[in-house]
Amino acid sequence: MAPQTVITIGTITSFTGVMFWIWKISCYIGRLENKVENNRNDTNRLGNSVGQ
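Read left to right, the sequence shown gives residues 1 to 52 (the working numbering).
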């Protein structure tokens with residue numbers, strides 16, 4: 001393989017790896033935010049049932 005090809009493949013591979021990690025991390029953050037939202041909703045529901 002020509003050095004150029006190796007460099008290109010290396011760049012694509014590392015770029016894909018970086019994108020994969022960004023995606024994983026954003027999914028994880030999204031899940032945490034959902035958990036916080038759900039907890040807030042549960043708290044509101046408790047407050048409403050007590051209020052009535």
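Careful, some of the hints might be misleading.
Taking lysine to any residue and the SDA-like style, the derived pairs with C-alpha atoms no more than 25 Å apart in a straight line are [to be verified]:
(1) K35 x V50
(2) K24 x K35
(3) K24 x I12
Since the hints were derived computationally from the structure, they do not count as laboratory data.
Can you confirm whether the C-alpha distance between K24 and I12 stays at or below 25 Å? holds (18 Å)
Pair hint K35 and V50, alpha-carbon separation not exceeding 25 Å: Answer holds: K35 to V50 is near 23 Å, not above 25 Å.
Do the alpha carbons of K24 and K35 lie within 25 Å of each other, as the hint requires? holds (17 Å)
The structure fails none of the hints (numbered hints given earlier).
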